[in-house]
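Single-letter residue listing:
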Amino acid sequence: DAKTTQPNSMESNEEEPVHLPCNHSTISGTDYIHWYRQLPSQGPEYVIHGLTSNVNNRMASLAIAEDRKSSTLILHRATLRDAAVYYCILVWGGGADGLTFGKGTHLIIQP
Amino acid sequence: DTGVSQDPRHKITKRGQNVTFRCDPISEHNRLYWYRQTLGQGPEFLTYFQNEAQLEKSRLLSDRFSAERPKGSFSTLEIQRTEQGDSAMYLCASSALAGGVSRRSYNEQFFGPGTRLTVL
Chain A
514 DAKTTQPNSM ESNEEEPVHL PCNHSTISGT DYIHWYRQLP SQGPEYVIHG LTSNVNNRMA
574 SLAIAEDRKS STLILHRATL RDAAVYYCIL VWGGGADGLT FGKGTHLIIQ P
Chain B
136 DTGVSQDPRH KITKRGQNVT FRCDPISEHN RLYWYRQTLG QGPEFLTYFQ NEAQLEKSRL
196 LSDRFSAERP KGSFSTLEIQ RTEQGDSAMY LCASSALAGG VSRRSYNEQF FGPGTRLTVL
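These protein sequence lines are chains A and B, in that order. When we follow this note's numbering, the leftmost residue of the first sequence carries the number 514, and every step to the right adds one. When we follow this note's numbering, the leftmost residue of the second sequence carries the number 136, and every step to the right adds one.
It is possible that some hints are incorrect.
[Claimed, not checked] Non-contacting residues of chain A with respect to chain B, defined by C-beta distances greater than 10 angstroms in every case (computed):
1. Pro557
2. Ile577
3. Asp580
4. Lys582
5. Val598
[To be verified] With a Cα cut of at most 30 angstroms, we get these calculated DSS-like pairs of lysine-lysine:
6. A:Lys516 - A:Lys616
7. B:Lys206 - B:Lys192
8. B:Lys146 - B:Lys192
9. B:Lys206 - B:Lys146
10. A:Lys516 - B:Lys192
11. A:Lys616 - B:Lys192
12. A:Lys616 - B:Lys146
13. A:Lys616 - A:Lys582
14. B:Lys149 - B:Lys192
Treat the hints as calculated values from the structure; they're not laboratory data. For glycine and all other residues, C-beta sits at the position ideal for the given N, C-alpha and C.
Hey, can you work out the whole structure from these sequences and the hints?
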């Protein structure tokens, strides 16, 4: 499986934008970039995914580099509820097989 | 709440005992996944079902682990002769299989709250 690299932790202030980076230099042409997050004491939840173009939804935006070797999850206005571990995951062909999680980025939000 | 549910939420057992966990997926979802998560790590994939068929098993799933989904609805995960290393959070997820060629249909996975297993 192609691997992703994320910082172990990041800190941000409430109501400010947060940019969470992910490197995936060995990504293949058919790998989709997915982001999930896991709030404390909960199971992971889907955030967003994309292939080549930038994507927006109600939770976040996903900016994908032109060479697709990196991507950035953008939380436009962080709240305390966004404090979680964020996982960047590559999924082959957009298929529905088991997900390969790394350690993710622990996002800390300061009030 | 029509999300994924898991039972029990917590289980404490003694080494050598058998345990069984249950997962009820979202009703219209035909794919069901099991993951294991230890402290400080991301979830690790164990196995998944499409309807009642078990399509993939991770090498992490030793012979002591068995999963079933007999009627394509709820699933059970049994661990026989538990060991202290089995202590972890066991997560279940489900997804809906969209139309078209299955491997090319992305489907968001919805996770349950997990069952925390402690083996003494």
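Hint check results:
Not every beta carbon of chain B lies more than 10 angstroms from that of Pro557 of chain A, the smallest distance being close to 5 angstroms; the non-interface claim is violated. Against the 10 angstroms criterion, Ile577 of chain A stays outside the reach of chain B, whose nearest CB is about 15 angstroms from its own CB. Distance check on Asp580 of chain A: its Cβ is at least 22 angstroms (rounded) from any Cβ of chain B, clearing the 10 angstroms threshold; non-interface status holds. Chain B leaves Lys582 of chain A outside its interface by the beta-carbon criterion, the shortest separation being 21 angstroms against a cut-off of 10 angstroms.
Distance check on Val598 of chain A: its Cβ comes as close as 8 angstroms (rounded) to a Cβ of chain B, failing to clear the 10 angstroms threshold; non-interface status is violated. The hinted pair formed by Lys516 of chain A and Lys616 of chain A meets the criterion: a straight-line CA distance of about 11 angstroms does not exceed 30 angstroms. Taken as a hint, the Lys206 of chain B and Lys192 of chain B pair is honoured in the structure, with Cα atoms around 19 angstroms apart against an allowance of 30 angstroms. Among the hinted pairs, Lys146 of chain B with Lys192 of chain B is consistent with the structure: their alpha-carbon atoms are about 24 angstroms apart, no more than 30 angstroms.
Proposed proximity of Lys206 of chain B and Lys146 of chain B is supported: the alpha carbons are some 25 angstroms apart, at most 30 angstroms. Distance hint between Lys516 of chain A and Lys192 of chain B is fulfilled; the C-alpha atoms sit about 20 angstroms from each other, no more than 30 angstroms. Pair hint Lys616 of chain A plus Lys192 of chain B holds up; C-alpha atoms about 21 angstroms apart against a cutoff of 30 angstroms. Between the alpha carbons of Lys616 of chain A and Lys146 of chain B the distance comes to roughly 25 angstroms, so the proposed pair stays at or under 30 angstroms and holds.
For the given pair, Lys616 of chain A sits about 19 angstroms from Lys582 of chain A by alpha-carbon distance, which is consistent with the 30 angstroms threshold. Of the pairs offered as hints, the one joining Lys149 of chain B and Lys192 of chain B holds, with about 26 angstroms between alpha carbons and a cut-off of 30 angstroms not exceeded.
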